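Student: Using the hints provided, position chain R relative to the given structure of chain S.
Protein chains: 2
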Amino acid sequence: MTFTQTDRTKLKRLPKRGHFDRETVYGILDEGFICHVGFAPEGQPFVVPTGYARVDDKLYIHGSQASRMLRSLSGGVDACVTVTIIDGLVLARSAFHHSMNYRSVMVFGRATLIEDREEKMAALLALSEHIIRGRWAEVREPTEQEMKMTTVLSLPLVEASAKVRTGPPLDDEEDYAMEVWAGVIPLRLEAGEPIADPRLAENITVPAYARDYKR
Amino acid sequence: MTFTQTDRTKLKRLPKRGHFDRETVYGILDEGFICHVGFAPEGQPFVVPTGYARVDDKLYIHGSQASRMLRSLSGGVDACVTVTIIDGLVLARSAFHHSMNYRSVMVFGRATLIEDREEKMAALLALSEHIIRGRWAEVREPTEQEMKMTTVLSLPLVEASAKVRTGPPLDDEEDYAMEVWAGVIPLRLEAGEPIADPRLAENITVPAYARDYKR
Chain S
1 MTFTQTDRTK
11 LKRLPKRGHF
21 DRETVYGILD
31 EGFICHVGFA
41 PEGQPFVVPT
51 GYARVDDKLY
61 IHGSQASRML
71 RSLSGGVDAC
81 VTVTIIDGLV
91 LARSAFHHSM
101 NYRSVMVFGR
111 ATLIEDREEK
121 MAALLALSEH
131 IIRGRWAEVR
141 EPTEQEMKMT
151 TVLSLPLVEA
161 SAKVRTGPPL
171 DDEEDYAMEV
181 WAGVIPLRLE
191 AGEPIADPRL
201 AENITVPAYA
211 RDYKR
Chain R
1 MTFTQTDRTK
11 LKRLPKRGHF
21 DRETVYGILD
31 EGFICHVGFA
41 PEGQPFVVPT
51 GYARVDDKLY
61 IHGSQASRML
71 RSLSGGVDAC
81 VTVTIIDGLV
91 LARSAFHHSM
101 NYRSVMVFGR
111 ATLIEDREEK
121 MAALLALSEH
131 IIRGRWAEVR
141 EPTEQEMKMT
151 TVLSLPLVEA
161 SAKVRTGPPL
171 DDEEDYAMEV
181 WAGVIPLRLE
191 AGEPIADPRL
201 AENITVPAYA
211 RDYKR
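For the record, the sequence lines run as chains S and R. Heads up: the first sequence is residues 1 to 215, going by the working numbering. Heads up: the second sequence is residues 1 to 215, going by the working numbering.
One chain only, chain S, in its complex shape (with noise of 0.2 Å):
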């Protein structure tokens, strides 16, 4: 099932690397975990970085009651979230082609408050998951209290699209004789050793989620 375009998920230029099926949007969606929310309070643009999850045709944002983003996209108005993958550095003979391998996803819509208090919970639940998987089975659930503390917000995945670059550098054919390095370097995001807290007890261990968390 793809998306339908519209006139702002609608690719003016390099339509080619647009991709309007739910499979490439999700897999994007799903493979991130960080997006930056756009919303325009009285025309003035603020970009704002979040974590989110994915359940179904959903996306959900979380965070303190007190923020200016939530209660800003609570209030209804337009947002575009953009999840962006950075998947490597396109180096090519001419300053002009080079270029980045990416995946990103545009979401387009206006979200909704989550009230309903099961809807809510399941929602961190999934916000926690797709962070990392396996962590809320383990930890202390938010309170009564914690759960007044927190906005989570919906937006229906209902206009969006993707953008893809991969593969090698397109060079101007009188280019490729070059005696110039010419190829990709390819990025990705490591998680390193777990660092323990502080007040840790000794007799802790790592879990195997932390240990090998990967993306």
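Hints were generated in silico from the structure; no laboratory data involved. Be careful, since some hints might not be right.
Since the list gives no way to pick out one identical chain from another, each pair is judged satisfied if it fits inside one copy or across any two copies.
[What the hints assert, rightly or not] Below are the DSS-like pairs computed for lysine-lysine, each with C-alpha atoms no more than 27 Å apart in a straight line: (1) LYS214 / LYS10; (2) LYS16 / LYS148; (3) LYS58 / LYS10; (4) LYS16 / LYS214; (5) LYS120 / LYS148; (6) LYS214 / LYS12; (7) LYS10 / LYS120; (8) LYS148 / LYS214; (9) LYS120 / LYS12.
Treat the numbers as computed from the prediction; the structure is a model and nothing was measured.
Tutor: Structure of chain R alone, referenced to chain S:
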């Protein structure tokens, strides 16, 4: 020297995470290389990922002359440019106190189009060198036609702020007794083995700046 706080850059929550000194703001801008640019023509927000470079008190972004973002921004509308570096996942004992270690910068302002040829070439060089130092000297410089096809914008670094979280989780006092691992999973962007362009001549070796790429 510090940035003057404004209504747009002031942190309403967790003010101790805010930094307004140029050293911190510029350190983050110089380590990152992807920004998310927010703009809102007719009130509709867009958030677009792109490369950037800082030179002194200016931030440069560039792209195709045909880009909707660059055409919109060169009209002098309000922009918000955000750079985010994720340093780690912070695993607390309660779901509520989970967090991330990160360093982010938000820049507000209006961009101007660079029309002077010399300044434009210097900005393109800076954009290239910011992403991969040493590359510019080896590749073919932009032709006049390529220069015409490229738009470069400059955003003054006048209204900017950084937000930084570091260190271990901060749990509620009564949760420290829980038998669950807590600490930080460090995350960083790592470069892999460079992949040669399939059309690269065999005698051309990988330059050090690509083999040992680091941010």
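Student: If a hint holds in the structure, say so; if it does not, say that too.
Tutor: Hint-by-hint comparison with the structure:
1. In this homomeric assembly, LYS214 and LYS10 never come within 27 Å of each other (Cα to Cα): the closest approach is 32 Å inside a single copy and 35 Å across copies.
2. Proximity of LYS16 and LYS148 under a CA criterion of 27 Å is satisfied inter-copy only: 23 Å between copies versus 45 Å inside one chain copy.
3. For the homomeric pair LYS58 and LYS10, the shortest alpha-carbon distance inside one copy (21 Å) is at most 27 Å, but the shortest distance between copies (31 Å) is not.
4. With identical chains, the CA atoms of LYS16 and LYS214 are never at most 27 Å apart, being 30 Å at best within one copy and 31 Å at best between copies.
5. Taking CA atoms no more than 27 Å apart as the test, LYS120 paired with LYS148 passes inside one copy only; the shortest distance there is 10 Å, against 51 Å between copies.
6. Within a single copy, LYS214 and LYS12 get their C-alpha atoms no closer than 35 Å, and across copies no closer than 33 Å, so neither meets the 27 Å cut-off.
7. In the homo-oligomer, the alpha carbons of LYS10 and LYS120 never lie at most 27 Å apart, since the shortest distance is 33 Å inside one protomer and 29 Å across protomers.
8. In this assembly of identical chains, LYS148 and LYS214 lie within 27 Å of each other by CA distance neither inside one copy nor across copies; the values are 32 Å within and 43 Å between.
9. In the homo-oligomer, the alpha carbons of LYS120 and LYS12 lie at most 27 Å apart only across protomers (24 Å), although the nearest pairing inside one protomer, at 38 Å, exceeds that limit.
When held up to the earlier numbered hints, the structure conflicts with 1, 4, 6, 7 and 8 and fits the remainder.
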